[in-house]
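Visitor: Residues per chain, in single letters:
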Amino acid sequence: MVRIGFEIHVQLKTDSKLFCSCSTRFLDAEPNTNVCPVCTAQPGSKPEGINEEVLRKAVQVALALNCKIKTEPLRFLRKHYFYPDLPNNYQRTSEPFAVEGELNGVRIREIHIEEDPGRYELRDGTVDYNRAGVPLIEIVTEPDMHSVEEAREFLKHLRAVLDYLDVILYPQIGFRVDANVSIEGGERVEIKNINTIHGVVKALRYEISRHKRMLQMGKEIKRETRHWDEVRGVTVTLREKETAEDYRYMVDPDIPPYHIDPALIEELRAKMPELPFQKKERLMEQYGIDESTAWTLVLDKELGNLFEALAKSVGAKNAASFCTNLRGELNYRGIYLSEVPRRERLEKLAKLYFSGQITKPVYIEYMRKILDDPSFEPQAQEQLSDDEIREIARQIIEGNAAAVSDYKRGEKKAINYLVGQIVARTKGRADPKRAIQILREELERA
Amino acid sequence: MVETTYTEELIHRLKTGEISPEEHLEEKLDTIRSRDSELNAFITVTEELARKLTQKAAEAIKEGHGELFYGLIWGIKDNFALKGVRMTCGSKMLEHYVPPYTATPVERILENNGVIVGKLNMDEFACGSSGETSYFGPTRNARDPERVPGGSSSGAGAAVAAELVDLALGSDTGGSIRNPASFNGVVGLKPTYSLVSRYGLADLAMSLDVPGPLAQDAFGIALAMEAIQGYDSRDRVTAHRRLPFLDSLDSFDPDRTRIGFTEALLDGVEPAVRKATLHVLKFFESKGTEIVEVELPDIWAAFPTYYLVMYPEFASAMQKFDGLKYGHRVDGQTLYDTVARSRAEGFGKEIKRRIIMGTYISMAEHAGKWYTLALKARSMIQRSFQRALERADFLLFPTVPVLPFKLGERINDPVQMYMADALTVPANLTGMPAISFPGGWKDHLPIGVQLLGNHFQDHFIVSAVRFFEKEGRPWSE
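Listed in order, the protein sequences are those of chains A and B.
Read left to right, the first sequence gives residues 1170 to 1615 (the working numbering).
Read left to right, the second sequence gives residues 3 to 479 (the working numbering).
No lab work stands behind these hints, which were simulated from the structure alone.
Don't take each hint at face value.
[Unchecked claim] Dumping the calculated DSSO-like pairs for lysine-lysine here, alpha-carbon to alpha-carbon at most 30 angstroms:
| no. | chain 1 | residue 1 | chain 2 | residue 2 |
| --- | --- | --- | --- | --- |
| 1 | B | K327 | A | K1361 |
| 2 | B | K54 | B | K85 |
| 3 | A | K1538 | A | K1517 |
| 4 | A | K1361 | A | K1381 |
| 5 | B | K354 | A | K1248 |
| 6 | A | K1361 | A | K1388 |
| 7 | B | K327 | A | K1248 |
| 8 | A | K1517 | A | K1602 |
| 9 | A | K1237 | A | K1361 |
| 10 | B | K17 | B | K54 |
| 11 | A | K1529 | A | K1517 |
| 12 | A | K1239 | B | K371 |
| 13 | A | K1248 | B | K371 |
| 14 | B | K327 | B | K85 |
| 15 | A | K1248 | B | K64 |
| 16 | B | K327 | B | K354 |
| 17 | B | K354 | B | K408 |
| 18 | A | K1248 | B | K94 |
| 19 | B | K354 | B | K94 |
| 20 | B | K327 | A | K1182 |
| 21 | B | K64 | B | K54 |
| 22 | A | K1239 | B | K378 |
| 23 | A | K1481 | A | K1520 |
| 24 | A | K1239 | A | K1361 |
| 25 | A | K1325 | A | K1381 |
| 26 | A | K1596 | A | K1517 |
| 27 | A | K1248 | B | K378 |
| 28 | B | K277 | B | K444 |
| 29 | A | K1391 | A | K1371 |
| 30 | B | K378 | B | K94 |
[Unchecked claim] Only some residues are given here: those of chain B computed to face chain A with a beta carbon under 8 angstroms:
| no. | residue |
| --- | --- |
| 31 | R200 |
| 32 | G202 |
| 33 | L203 |
| 34 | S235 |
| 35 | D237 |
| 36 | P314 |
| 37 | E315 |
| 38 | L326 |
| 39 | L337 |
| 40 | Y338 |
Heads up, the beta-carbon is just placed ideally off N, CA and C, and yes, glycines get one too.
With the hints as extra help, turn the sequences into a complete structure.
Guide: This is the structure in structure tokens:
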């Protein structure tokens, strides 16, 4: 039996860092400009925090994951280790403030708050401390997932919840995952720092088959920490249990224990936005769509929003079909709809297609162009008249004698090839249904 | 009876224009030039900055708002950040470190027309009780250059006593203000923990560190505290409290005061220290103060508890010095090699001793055994002091069990050295305020007596010292 559990690090969307008032927008600034004496750990500096906004966001997540919020004072600990990205050479991390949650059948063991380290570029030996002190929450699950598919489903659901709460600092970064995996007969192995859900899936597949191979060969699977090498598609040993570091955890004397106000918890509970599960139920009821389509729509927050907007203009059925196609294209690219710029182009595209101003092939082509080219603008295309199609059909028949004779011999499939030629020649300006009709008539005459 | 004391007199002269801040500064600079080559109280003299600040103070006085300091000359212990002026912490590690910001207490001194004339010598990273562990050489006792000035605010004690400065800002983790105040014959206050912001004070042990002043007299202490006390959003542990130091300075009433006393705190102290302490006690008694016998059954635990709390916090605080971001750097083969070499070369012996001890104590396998135990002992000691202070307004006992000793006499015997802290660490463990003042003289060597009060009674113990200064006389043989 496979057992999979996760530790998920989410950078929280707040204006300022956890322990100082520097901006959290580390990607949007020159290296080492969003820094101050506190987040660079100048001698004598002290944490100013805890940033209340971090607490609010963290509690929101805990509530959405059905956790119990602890009422005893929350203490911050120092976790000591030497690394250039860590200004103090210790990381401040809270004790769990929320426990015993659940999402999609997976139990949440606990959630705590941490500060992110800076960014160390191993190759040129530079460090950017813009990220140092950015607030993180770490969500720890029980090892309740028993297949890669279950694991992927859980991560997709978690991502959706976080998106609905609007708590992720950079949606394009998402979250970082440490995956724990074991199979019957082997020890638990931890794979550190995987950046995408897609990466988690690949890493888990690799690791599970590695474990199976090891056991088949009669080898022992040792408890260890491994690193996922995205480029080579393999996991490699980082450290074994025997060499596990001692972090010398110690309560940080500079941060007085923080009391989470029960009134705050109630306020946030009352203000909780609609969550994916609730939205799925509502869409099914309101628009009469099936459950699987509804999940497809709600697991990408922006896709769900697009669906509801389109349902008004092109009808629920068309909207669902459009969004399902779009989901496929997004999956292919491994992105969320929120990462697509100028999304109003998609609404325009849906209207063009469902009002018959563009043909299906053009619609698909445009959809891809919108996703791949931020400057692309969908335009209604003039449709060719029947006479124009007929003219092209005649030319195609003339130029493809072999296919025509196949057709005449009764190979009716040959017509698909000829239609394809027309579509290509007209650059999609001919409606395929009309083209087949006309082509048949012309073939009869030929 | 003494009419007026040193700092009070000086403020009066500056306020009335009898002496200008410029003249006063030049006088101090002359004294520094003539005496500091021997004393080594300064690491950095900021002559140019001092002249600018003096001008500012002179203008403020002319415009009628020169308070609180009217151009009084300050020395700052070199573990407080002052933007643009190097902060060494007495260590090779930070020999060339220039902080990009200013510590809150220093900022408050500047806002109140204090003139900073330099950064003062200290034991390396405030680790020491003798002023001998500084990378910049030992400071000498202002009363006897053959002897140690006490530590770790060694430069502060010597500079105030030798009148190189009027006031000094020190820091106290286990006695670092009171010990040099005692050895140099000046007054030093360790305020209530959380009354003064630590923002900009380089860490020693974060749950014990407090900034505080050294001065010639209680008036100077009160004046300094008026400026530096109070809440600071940049230090989360500071309290929303201000105490009426100047308003209550002359309101000490011996008839309505009870002093707590126990023989347990005189255990093993030198005869002269004992005599001076009892002399001060008798003085208060003669003025009508009730002397109450108190019990401190846990006092024996204070000393080991202090070290078990301080070592791990210190090791944690020193973790940031890796030679990579700032500070002394020795390049090695690998990253960790660079860190190891930088630390090996940048830190002195006592620092390494404490880092190793602290790391050992806080290792996972020992944490439950020692550190947790020490925290329990700490609350036990806190409770027993609390109980003693239910029966008395403050406790009276010596500051240091011994007289200032000769340079080099104890530096190689850490246990002997640590013993000097035995009577000062309780105030840090309990977070309570304690003040040391000259209670006697053995020939030319000063003897400090200590008053320890309840939390946020700092102003009260300062007023008691003021009363002794005005009405009493230090013991001498």
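Visitor: Does each hint fit the structure? Answer for all of them.
Guide: Hint by hint, here is what the structure shows:
1. Distance hint between K327 of chain B and K1361 of chain A is fulfilled; the C-alpha atoms sit about 27 angstroms from each other, no more than 30 angstroms.
2. Taking the CA atoms of K54 of chain B and K85 of chain B, the gap is about 15 angstroms. The hint holds against a cut of 30 angstroms.
3. With a C-alpha separation of about 13 angstroms, the suggested pair K1538 of chain A and K1517 of chain A falls inside the 30 angstroms cut-off, and the hint holds.
4. For a cut-off of 30 angstroms, the pair hint linking K1361 of chain A to K1381 of chain A stands: about 20 angstroms separates their Cα positions.
5. Restraint check: the Cα-Cα separation between K354 of chain B and K1248 of chain A comes to about 20 angstroms, which is no more than 30 angstroms; the hinted pair holds.
6. Restraint check for K1361 of chain A and K1388 of chain A: the C-alpha separation of about 23 angstroms stays at or below 30 angstroms, so the hint holds.
7. Between K327 of chain B and K1248 of chain A the CA atoms are separated by roughly 19 angstroms; this keeps the pair inside 30 angstroms, and the hint holds.
8. Using a Cα cut-off of 30 angstroms, the hinted pair K1517 of chain A and K1602 of chain A holds, with the two alpha carbons roughly 23 angstroms apart.
9. At most 30 angstroms may separate the alpha-carbon atoms for a hinted pair to count; K1237 of chain A and K1361 of chain A meet this at roughly 27 angstroms.
10. Only pairs whose Cα atoms come within 30 angstroms are accepted, and K17 of chain B paired with K54 of chain B is accepted, the gap being roughly 19 angstroms.
11. Between the alpha carbons of K1529 of chain A and K1517 of chain A the distance comes to roughly 15 angstroms, so the proposed pair stays at or under 30 angstroms and holds.
12. For the hint linking K1239 of chain A to K371 of chain B, the alpha-carbon distance of about 27 angstroms falls within 30 angstroms, and the restraint holds.
13. Between K1248 of chain A and K371 of chain B, the direct Cα distance comes to roughly 19 angstroms. Compliance with the 30 angstroms bound is thereby established for this hinted pair.
14. Distance check on the hinted pair: K327 of chain B and K85 of chain B sit about 18 angstroms apart at the alpha-carbon level, within 30 angstroms; holds.
15. The hinted pair formed by K1248 of chain A and K64 of chain B fails the criterion: a straight-line CA distance of about 54 angstroms is larger than 30 angstroms.
16. Of the supplied pair hints, the one linking K327 of chain B and K354 of chain B holds, its CA atoms being roughly 20 angstroms apart against a limit of 30 angstroms.
17. For a cut-off of 30 angstroms, the pair hint linking K354 of chain B to K408 of chain B stands: about 24 angstroms separates their Cα positions.
18. Between K1248 of chain A and K94 of chain B the CA atoms are separated by roughly 27 angstroms; this keeps the pair inside 30 angstroms, and the hint holds.
19. Annotation: proposed proximity of K354 of chain B to K94 of chain B holds, straight-line Cα distance about 13 angstroms (limit 30 angstroms).
20. Taking the CA atoms of K327 of chain B and K1182 of chain A, the gap is near 28 angstroms; set against the 30 angstroms cutoff, the hint holds.
21. Taking the CA atoms of K64 of chain B and K54 of chain B, the gap is about 16 angstroms. The hint holds against a cut of 30 angstroms.
22. The straight-line distance between the Cα atoms of K1239 of chain A and K378 of chain B is roughly 24 angstroms, inside the 30 angstroms bound, and the hint therefore holds.
23. The straight-line distance between the Cα atoms of K1481 of chain A and K1520 of chain A is roughly 11 angstroms, inside the 30 angstroms bound, and the hint therefore holds.
24. Under the criterion of a C-alpha separation no larger than 30 angstroms, the hint pairing K1239 of chain A with K1361 of chain A is consistent with the structure, at around 28 angstroms.
25. Distance check on the hinted pair: K1325 of chain A and K1381 of chain A sit about 26 angstroms apart at the alpha-carbon level, within 30 angstroms; holds.
26. For the hint linking K1596 of chain A to K1517 of chain A, the alpha-carbon distance of about 20 angstroms falls within 30 angstroms, and the restraint holds.
27. About 22 angstroms separates the Cα atoms of K1248 of chain A and K378 of chain B, which keeps this hinted pair within 30 angstroms; it holds.
28. Between K277 of chain B and K444 of chain B the alpha-carbon distance is near 10 angstroms, which keeps this suggested pair within the 30 angstroms criterion.
29. A threshold of 30 angstroms between alpha carbons decides the hint, and for K1391 of chain A with K1371 of chain A the separation of about 21 angstroms falls inside it, so the pair holds.
30. Proposed proximity of K378 of chain B and K94 of chain B is contradicted: the alpha carbons are some 36 angstroms apart, above 30 angstroms.
31. For R200 of chain B, the suggested interface contact is upheld, since its CB lies about 6 angstroms from the closest CB of chain A, less than 8 angstroms.
32. Proximity of G202 of chain B to chain A holds as hinted, the smallest CB-CB distance being about 4 angstroms (cut-off 8 angstroms).
33. Interface hint status for L203 of chain B: upheld, as the beta-carbon distance to the closest one in chain A is roughly 5 angstroms, under 8 angstroms.
34. Against a cut-off of 8 angstroms between C-beta atoms, the interface hint on S235 of chain B holds, since the closest Cβ of chain A lies about 6 angstroms away.
35. Below 8 angstroms, beta-carbon pairs count as interface contacts, and D237 of chain B has one with chain A at about 5 angstroms; its hint therefore holds.
36. Contact between P314 of chain B and chain A, as hinted, is supported at the beta carbon level, the nearest pair being about 6 angstroms apart and thus within 8 angstroms.
37. Of the supplied interface hints, the one on E315 of chain B holds, with its beta-carbon coming within about 6 angstroms of a beta-carbon of chain A, less than 8 angstroms.
38. Satisfaction of the interface hint for L326 of chain B is found here, the shortest Cβ-Cβ separation to chain A being roughly 5 angstroms, below the 8 angstroms cut-off.
39. Of the supplied interface hints, the one on L337 of chain B holds, with its beta-carbon coming within about 7 angstroms of a beta-carbon of chain A, less than 8 angstroms.
40. Given the 8 angstroms rule on beta carbons, the hint for Y338 of chain B holds: about 7 angstroms separates it from the nearest Cβ of chain A.
Hints 15, 30 from the earlier list are contradicted by this structure; the remaining hints agree with it.
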